[in-house]
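Engineer: These are the residues of each chain, in order.
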Amino acid sequence: MNLVAFKILLHDKAKYVALVLGVSFATLLISQQSAIFHSLMHASTRDILEANQADIWVMKSSVETLDQGYPIAELSVNRVRSVPGVQWAVPYYQSTAQLRTEDGRMKLVQVIGIDDLSMVGAPQEMLIGTLDDFDQPDAIVMDIAGYTNIFPGVAPQVGAIVEIGQRRAVVVGICYIGASWSGMPRVYTRRSLGVSMARETLNPVTYVLARAASEHSPEEVAKQITKATGLKARTRAEFMDDTRTWILKYSGIAENFGITILMGVVIGVAIVGQTFYMFSVENLKQFATLKAIGINNWVILRMIMTQALFVSTIGYCLGIGAANLFFAMTSTQLSGGLRGMFMHPLIFVGSGIFIVLVTLLACVVSVRKVLTVDPAVVFRG
Amino acid sequence: MSVICKDVKMAFKTAAGSVSVLKGVDFVAPAGMLTMLVGPSGCGKTTLISLIAGLLRGASGSMQVFGHEVSSMSASMLVPYRLKNIGFIFQQYNLLAGLTASENVAVPLVASGFDWPSALAKGKALLDTLGLGAHANKLPSQLSGGQQQRVAIARALVHSPKLLLCDEPTAALDGQAGQAVMTLLRDLAVAEDRAAIVVTHDPRVYSFADRVVHMEDGLISKVESVSSQKHPVDPHSTSH
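These protein sequences, in sequence, are chains C and G. Take the first sequence: its position 124, counted from the start at 1, is 124 in this note's numbering, and no numbers get skipped. Take the second sequence: its position 142, counted from the start at 1, is 142 in this note's numbering, and no numbers get skipped.
Chain C with its partners taken away, still in its complex shape (with noise of 0.2 Å):
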């Protein structure tokens, strides 16, 4: 009888296309915006993932997320570097400073002071120039969406001069990063240049990048650390939870995000169990027919799920289709607050089960009126 069910279905193209139409928005709205929201969460550690060699770090115990970094002693280092378990710990520093052009416009930059010797921190992605160019004099590296942010219009390119802090700097390399949760430009130097930037010169630290030796877990060497020098650590894992914790609580980005896929499905359910409702009571006669003849209520719950898990696949199919298509045209740009997100398998896994899930829930109310209708009114005209 599935067969019977997908042609009543077919047979109505204006609803049928409705059907379709209402899931694949409700899809496109629940998945496009579950993917922003991760990857919103995603770049909020964006140093965190960048300086991926380090699998512990170590900061001032106030500190809760990744942005609020407050300068700890230098000395800091070598104590942490005096841990057993340690395998190596290098300083990391991070600020913000303003950066000025030649022609004299002003902007907020974010300073990334990576270690001069071991480069730990550094952009993994170079576009123009390498990591050996960090040893010229005054060099920094900025990311190309802050580059085109600060030069608009000028094609990306190495030699620009700008004062950063009141301090000379010189574009040696240009490097892709994605987005960051301040979206601010991004200037990565060596720690010792970046220090004088920012006027930093008492504690010229803010965090300490640490690797646990190969015989010791991170978790366990990261106590250590902390009973050793009184000094928070974390794991890489447990300062990006920290950090996406932080984000959720003081943010308000999950209500507006959550506010938003919530619209999607309530517009789904609506939309689909509005579309679906109508429709069924629309056929309610044939459905009566159909029990009349003598097809039992299972066949035709049947009959109705398929209908609807038929409408949601091919909903949910085109929903997820426009979903990935809007991060295929923006991800792989260089510059743009868009870029570099992405759709975690998890949301094209968990938007699917969801869609079904309303529009079997839109289905419910159609399903009781079919179920619950009389084969008796076959025979009233």
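Just so you know, the hints here were simulated from the structure itself, not pulled from any lab data. For clarity, every value in this text was computed on a predicted model and none was experimentally measured. Ideal placement from N, C-alpha and C gives every residue a C-beta, glycine not left out. Just so you know, not all the hints are guaranteed correct.
Far from chain C, by Cβ distances over 10 Å, these chain G residues were calculated [as the list claims (entries may be wrong)]:
no.: 1; residue: Lys23
no.: 2; residue: Ser50
no.: 3; residue: Arg82
no.: 4; residue: Lys84
no.: 5; residue: Gly98
no.: 6; residue: Glu103
no.: 7; residue: Ala125
no.: 8; residue: Thr129
no.: 9; residue: Leu143
no.: 10; residue: Asp167
no.: 11; residue: Gln179
no.: 12; residue: Leu184
no.: 13; residue: Ser225
Derived PhoX-like pairs: lysine-lysine, alpha-carbon spacing no greater than 20 Å straight-line [unchecked claim]:
no.: 14; chain 1: C; residue 1: Lys227; chain 2: C; residue 2: Lys60
no.: 15; chain 1: G; residue 1: Lys162; chain 2: G; residue 2: Lys23
no.: 16; chain 1: C; residue 1: Lys60; chain 2: C; residue 2: Lys223
no.: 17; chain 1: C; residue 1: Lys285; chain 2: C; residue 2: Lys13
no.: 18; chain 1: G; residue 1: Lys138; chain 2: C; residue 2: Lys13
no.: 19; chain 1: G; residue 1: Lys138; chain 2: C; residue 2: Lys7
Mind docking chain G on chain C? Use the hints.
Structural biologist: Using the frame of chain C, we list chain G on its own:
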């Protein structure tokens, strides 16, 4: 074997209280005959055939349909009972709009467990018999009223039911189409092992009946034998 109803009473509850629709009906529709059930609106014709079909429950009395005591069947038993034993023809044809003529005819067979290809083949063959072979792949909306009713007749007969129930089969048709449909019913529906009950208001088609049973105010008021030479009246039907 036939349809035998004895002292069937049925009442509906309304806001104003209980309304008695059938007040002790004794009714027989013998196999091999076309029985017409006639009477004014509200006299209980539709309620009676709905009870015989197992579409309505809650009546007292006895209703035997080819050996099945319908009044004692549970709701779940009535579904396969209808599928196996009853063929329906409705006033508004009630064909499934998205299915072609042959697919509509195939539905009772598919519901009975036939696979689609063989059900379609049987449906198509029956439509050929009814002179609708050329229209087998058309949707109901592409057929005239008379053609749709003929498709409905094919759907009602395709699974060889014991009882054919027709509710005003000619009401939506013009005189000529109505006569054609009744001729078809007369020729195909009436068989030795099958009873046919036609509810109608249309006196022009009484001549197609073997027996005309008149109902009035919830009771059988008169039974006429139209072609008594060929089909003698069942003595059970005289008690009313």
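Engineer: Against each hint, give a clear statement of whether it holds in the structure.
Structural biologist: Results of checking the hints against the structure:
Under the 10 Å C-beta cut-off, the non-interface status given to lysine 23/G relative to chain C holds; the minimum distance is some 20 Å. Residue-level check failed: serine 50/G sits 5 Å from the nearest beta carbon of chain C, not beyond 10 Å. Its beta-carbon lying about 4 Å from the closest one in chain C, arginine 82/G breaks the requirement of being farther than 10 Å from that chain. Chain C draws lysine 84/G into its interface by the beta-carbon criterion, the shortest separation being 7 Å against a cut-off of 10 Å.
Residue-level check failed: glycine 98/G sits 3 Å from the nearest beta carbon of chain C, not beyond 10 Å. Listed as a non-interface residue, glutamate 103/G fails to keep its Cβ farther than 10 Å from every Cβ of chain C; the least gap is roughly 7 Å. At the 10 Å boundary, the C-beta of alanine 125/G stays outside the reach of chain C, the nearest C-beta of that chain being 20 Å off. No Cβ of chain C approaches the Cβ of threonine 129/G within 10 Å, the least distance being about 20 Å, so the stated non-interface status holds.
Non-interface status of leucine 143/G relative to chain C is upheld: no Cβ of that chain comes within 10 Å, the nearest being about 15 Å off. Under the 10 Å C-beta cut-off, the non-interface status given to aspartate 167/G relative to chain C is violated; the minimum distance is some 5 Å. At roughly 21 Å, the least C-beta separation between glutamine 179/G and chain C is larger than 10 Å, which holds for a residue marked as non-interface. Every Cβ of chain C is farther than 10 Å from the Cβ of leucine 184/G; the closest lies at roughly 20 Å, confirming the non-interface assignment.
Non-interface status of serine 225/G relative to chain C is upheld: no Cβ of that chain comes within 10 Å, the nearest being about 26 Å off. In summary, the hint linking lysine 227/C to lysine 60/C is supported, as the alpha carbons are separated by about 13 Å, within the 20 Å threshold. For a cut-off of 20 Å, the pair hint linking lysine 162/G to lysine 23/G is broken: about 27 Å separates their Cα positions. Among the hinted pairs, lysine 60/C with lysine 223/C is consistent with the structure: their alpha-carbon atoms are about 14 Å apart, no more than 20 Å.
The hinted pair formed by lysine 285/C and lysine 13/C meets the criterion: a straight-line CA distance of about 19 Å does not exceed 20 Å. Taken as a hint, the lysine 138/G and lysine 13/C pair is honoured in the structure, with Cα atoms around 17 Å apart against an allowance of 20 Å. Distance check on the hinted pair: lysine 138/G and lysine 7/C sit about 13 Å apart at the alpha-carbon level, within 20 Å; holds.
Comparing the model with each numbered hint stated earlier shows that hints 2, 3, 4, 5, 6, 10, 15 do not hold.
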